[in-house]
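If you use our numbering, the sequence shown corresponds to residues 387 to 452, in order.
Honestly, the hints are just simulated from the structure, not real lab data. Among the hints, a few may not be true.
What the hints assert, rightly or not - Quick list of simulated restraints, FRET-style, between CB atoms:
1. Leu397 to Gly423: 28 to 34 Å
2. Leu397 to Ser444: 20 to 26 Å
3. Trp429 to Gly395: 43 to 49 Å
4. Cys437 to Leu402: 18 to 24 Å
5. Asp392 to Gln452: 22 to 28 Å
6. Val434 to Leu406: 38 to 44 Å
Heads up, the beta-carbon is just placed ideally off N, CA and C, and yes, glycines get one too.
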Amino acid sequence: MPREIDFFGVLLPGVLPVFLLSAVLQLVLDAVLSYVGAYRLGWHPALVRLCMFVCIFSALLVTLYQ
């Protein structure tokens, strides 16, 4: 994976596609968990969402940068 991506002359970080993919995956998983009602079991739903995003982002980075 490249360290930087050239986007019309603007250099963007190489992890930006991974970040965007993890955001989409987190939104889908968040919708499923909201539909099921799993957030009623947690103490703080926003904290659960943040931790879920960090776990997804980290897992994708670890699999790509092995």
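For each hint, the structure was consulted:
1. Leu397 to Gly423: 28 to 34 Å: Check failed, 43 Å falls outside 28 to 34 Å.
2. Leu397 to Ser444: 20 to 26 Å: Distance hint for leucine 397, serine 444 holds at roughly 24 Å.
3. Trp429 to Gly395: 43 to 49 Å: holds (46 Å)
4. Cys437 to Leu402: 18 to 24 Å: Given about 22 Å between the Cβ atoms, the range holds.
5. Asp392 to Gln452: 22 to 28 Å: holds (25 Å)
6. Val434 to Leu406: 38 to 44 Å: Cβ of valine 434 to Cβ of leucine 406: about 21 Å, so the range 38 to 44 Å is violated.
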